[in-house]
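Protein chains: 2
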Amino acid sequence: MASSEDSLRRALADKQSAVEAQANSVRALKAAGAPKPDVETAIEALNALKLQKASIEKDLQAAVTGAADGSAVSREAFRQAVLNTLERRLFYILSFKIYRGVAGLYDYGPPGCAVRSNVLAFWRQHFVLEENMLEVHCPSVTPEIVLKASGHVDKFTDLMVKDEKTGTCFRADHLLKDFCNEKLQKDLTISAETAAELRHVLATLDDLSSDELGAKIRKYGITAPDTRNPLSDPYPFNLMFQTSIGPSGLSPGYMRPETAQGIFVNFKDLYYYNGNKLPFAAAQIGEAFRNEISPRQGLLRVREFTLAEIEHFVDPEDKSHPKFSEVANLEFLMFPRKEQTSGQSAKIIRLGEAVAEGIVNNETLGYFIGRVYLFLTRLGIHENHLRFRQHLANEMAHYAADCWDAEIESSYGWIECVGIADRSAYDLRAHSEKSGVALVAAEKFSEPREVEKLVVIPVKKELGLAFKGSQKNVVEALEAMKEEEALEMKANLETKGEVEFYVCTLEKNITIKKSMVTISKEKKKEHQRVFTPSVIEPSFGIGRIIYCLYEHSYYMRPSKAGDEQLNVFRFPPLVAPIKCTVFPLVQNQQYENVAKDISKSLTAAGISHKIDITGTSIGKRYARTDELGVPFAITVDSTTSVTIRERDSKDQIRVDVEEAAAIVKEVTEGRRTWEDVWSSFPHHSSVSADADD
Amino acid sequence: MASSEDSLRRALADKQSAVEAQANSVRALKAAGAPKPDVETAIEALNALKLQKASIEKDLQAAVTGAADGSAVSREAFRQAVLNTLERRLFYILSFKIYRGVAGLYDYGPPGCAVRSNVLAFWRQHFVLEENMLEVHCPSVTPEIVLKASGHVDKFTDLMVKDEKTGTCFRADHLLKDFCNEKLQKDLTISAETAAELRHVLATLDDLSSDELGAKIRKYGITAPDTRNPLSDPYPFNLMFQTSIGPSGLSPGYMRPETAQGIFVNFKDLYYYNGNKLPFAAAQIGEAFRNEISPRQGLLRVREFTLAEIEHFVDPEDKSHPKFSEVANLEFLMFPRKEQTSGQSAKIIRLGEAVAEGIVNNETLGYFIGRVYLFLTRLGIHENHLRFRQHLANEMAHYAADCWDAEIESSYGWIECVGIADRSAYDLRAHSEKSGVALVAAEKFSEPREVEKLVVIPVKKELGLAFKGSQKNVVEALEAMKEEEALEMKANLETKGEVEFYVCTLEKNITIKKSMVTISKEKKKEHQRVFTPSVIEPSFGIGRIIYCLYEHSYYMRPSKAGDEQLNVFRFPPLVAPIKCTVFPLVQNQQYENVAKDISKSLTAAGISHKIDITGTSIGKRYARTDELGVPFAITVDSTTSVTIRERDSKDQIRVDVEEAAAIVKEVTEGRRTWEDVWSSFPHHSSVSADADD
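Protein chains in written order, with full-length UniProt numbering: chain A, 1 to 693; chain B, 1 to 693.
Think of the hints as simulated: they come from the structure by calculation, not from any bench.
When the alpha-carbon atoms are kept at most 27 Å apart in a straight line, the in silico DSS-like pairs for lysine-lysine are as follows:
id, chain 1, residue 1, chain 2, residue 2
1, A, 323, B, 596
2, B, 444, A, 620
3, A, 610, B, 323
4, A, 596, B, 277
5, A, 665, B, 323
6, A, 277, B, 596
7, B, 97, A, 155
8, A, 323, B, 665
9, B, 434, A, 97
10, A, 472, A, 508
11, B, 482, B, 525
12, A, 620, B, 277
13, A, 319, B, 600
14, B, 665, A, 665
15, A, 277, B, 600
16, B, 97, A, 434
17, A, 508, A, 148
18, B, 620, A, 277
19, B, 97, A, 148
20, B, 319, A, 610
21, B, 444, A, 610
22, B, 600, A, 665
23, A, 97, B, 268
24, B, 319, A, 600
25, A, 97, B, 277
26, B, 620, A, 268
27, B, 620, A, 444
28, B, 155, A, 97
29, A, 650, A, 560
30, A, 620, B, 268
31, A, 323, B, 600
32, B, 183, B, 58
33, A, 513, A, 482
34, B, 277, A, 600
35, A, 268, B, 97
The shape of chain A in the complex, shown without the other chains (with noise of 0.2 Å):
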């Protein structure tokens, strides 16, 4: 679309030097008092070229917003209607809304809250319980200490700009991010070249330092929204919700960012837990915190939201993965970086072809991949708008070994929902080194192994001669080189005598002269092969799953009157907030006791349902639990039998009263199909009951 929108541009530039050309004309002709039929002529030819002009300029309108326009009006209307009946129903309700509420905070009420519950015991299923995960539980307050080792109290920022003049703070990349777009899908105006320059920018955008971004929007001139007024320079924002742990004030302490760092700490408790044995992963679900500077995008972005969180533990010389066969079969939408870069679209590849082109890094990563779509789908994620995408090499952090997202299709586009990266050594590493306790796994030999080791002594008498009090800091020094290192000091000294060395415990270099140190190799023989696992991290935004499971779960059909829309929630029975609904046709005693029953029966069986015995119309009824996405209805027209009702296909069957609630009971939970029990029971006409809506 950019090429033929250039072409557009220049044509409309050139036009636009046409236009002005002929006005030239037409005012010069007009000054040197031309004959009147000269003056027409030239005037006709002048509207001529404004008319082309401003067909010129229609093409282009449409080609910047056109398309893209069309689609995105609906997308949004979508989007409300989805979360119009989200809204209506309390699936979520704006946080301490009768204050107004808090941007970035919203309540899962009461169906939406059961949606959550039920995502989250499947995950416990899917996760914990079949692959017998290690699952802990910590606290969301978290000592300075933890986060400055995970790198989060440095580097967990967002760049932000202020108003000068009111103070109001904004993301610097959000501001750049709109004006791009506002330039390009509204200014005709600009230039082919300058509009290759802001769709650059937009692509770049999540590259650019504090200082190039500072310098584009001095450039553009960018100034803040509403006020006008001038921005400060972008500068880091700390997106964790600082607070302090006990009375004294001097024990900082954020909320977490993410629950991984509770598993990372314990590692060698859980290890040891685990029979010291790799692999092993140990799972967290819990609440996370980040202080969105202001936050967007509705119920995708918010200020707190639970994440479920695996660290998978794993022997970096080993990823193969003993059940990846299980999965090794599945065929789903794949993104790989090859085809990112090179401007295709993703594909459907099988996971073990991907595994073995070396397109997944390991088997381990690939099972993970396949038990998340497997996951995913399970919940009702359409699979055809789940794809996964593979980080670029750009976006991952230099320790990472691959890392691939599980993106969800949206009416805000493509979203990041799961995370599966491996992390490789880095977390268990940066915690080591930050408390000096060692998390690390051995592999035990059968037999000793004879290997060469490196073997550093330093020489006190002669360094306390020469170093005095600092002896201690040197020797330490010494001790604690690298290999590498002492290897390149021990070829210095033999050759020079001696050597530049600096000890940061002193701040300073000092010379190591050869006497100070012997630097060998050794024959030894050792037991057992001391590592630091890698971590393969699978992280889920267990919120914006179900944002999106909305969003596909939704759609409209009309009432049997055909006079309005009604909404429809197509949660599979796992998901569905409540699992049936009871109602009595009419009001009267009789249904009422036979309704009552059926419940005692339904919480017996531990199906969560509800009881509607209110005089609203049938029809009423089905609209409200349809919208709920409630699965299954059960209508008492008789002290005999009741029928069952399903919710897509309205079909109902007709079936005992004693033996109603054993049968909701199966299909919900999967142990039969609609499709058998719609084979194994009489048929009920559902003409009477729907037609009164």
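Mind docking chain B on chain A? Use the hints.
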């Protein structure tokens, strides 16, 4: 005990005087050069007195600490045994342990986390599902205005003192309590009067004001522990973790100290969701935060903890409960106000009687007390160590109608684990006032009713002339008068013609004349009664319940060989972190395959289990799982049949491989008892199995 202690203190003081007097005699005799035999007789008498004094001291020591100390020692030893097992098996982990932890923050390790999940799942089943409650999930980050309205910003404090030199903070009441206990237990020289005073201080500790507490600390010369430095005066420290919402620093927020407020602010939406009908209950499970000054009592007083709270909204004029009859016949330990103040002990009362006799304020409160009793005992809390204690008048907030705590006896004494309070209309009124949003319910009348209403009509013209720009404030203040206030004004205006009136928005008194307002009674037809609902709030400290459950479930038994004591948790299957273990009796591929097949069946049945194929002796493997409270163990000792062992009886039955998983599922889910299973299958002699531990 106090009275025998008192008489011993008096006897000791008398004897001390006698000793001193006799010592003086001896010195006098010696000084006067009395004959040797006289001096020796006097010295013998002195020694006899000293011996008598020592004997009284011994008795007194026994009286103040003896019996108490004896049981305290055994309680302490019991607690240590429980804690050791809990810590070794990772039920709990000190949070951020590799960084030396943070006082008052603990992780749930794998088995603890599973117990927590099970307790919460049962809570959801027992309360939310069975009572059709509306569950919500609200953020922890809460803006200041919400907690201003609830009173937490102003009143959620503990009194703190600081070491004036080091700045270390202490809870003032803890220091005073420690001082009194120490004096009473270790200082035998204090008089009976002083002892009585100290005991009085202990009894009234919770009622002391900041000034009174400070006076006591000064009076007793209490200094900082360890340093012995002087202490500051007590001052209130707010126990909420404070933070800042958004980047501006202008929106203070707190981590919620309870989950209840999230429900109160949503009352209007939830009432609508419930079809504008009362009663209904909303519920929330979530983390709450209290920045304790100096956490003690290990797992019982922590800075972040899981609460499960119910807010049951009810018409204040009708607190009956339709299902009360279902709990009316429960009998358990209750400790009403009267029994507490008259020095009696808790006694077993039938719940129906307690409500009928007005001991418990109303049926709904009684219903929840009964449901809480069932909840706790089904978890495994021992009924003999569970009591419901009514709050004394001075313990209850002024607005509360009645309040009962479910207290569980543990090694720390009786611990408040669930509070069940009738908070009347307090919370909804507080949020109505602060937010300006009416949080009320309405009872529609079947026919309109005629009522007499007081109508206040400010005469704006007169008020405008008199108060000009302040007219609006005066009008609002007049309209906001309560009925009583308006009636008083009406009377005063009629007698005196004018009246002083305080306008809070002007912060001053003004004079209202008769011409400025008309106050009259009018008859009106009303179609509904609008009122603020009462709220009955059962609030569960989940972590405390779990800790008490550990103590109630723990026991020791000798190993088969009798050479060591083994730890067992007798968790009911509902609570047990893992329901079943699967062991091949010996390491052998065939047995391992059978074990893996059974494991697959258990996974499919949703039964959490662990497979242990290590070569450890079967006895050791049983002991290991007993320590985790695993109720059942399947041992594979052939390829056709296996044994199932029950944890507490150690009884074993033999079943076919194919039916093992199904049987474990049935006994685990409570659909079949072990006794029933025991009588249906062949028994397996456990001699060979447990012998080799």
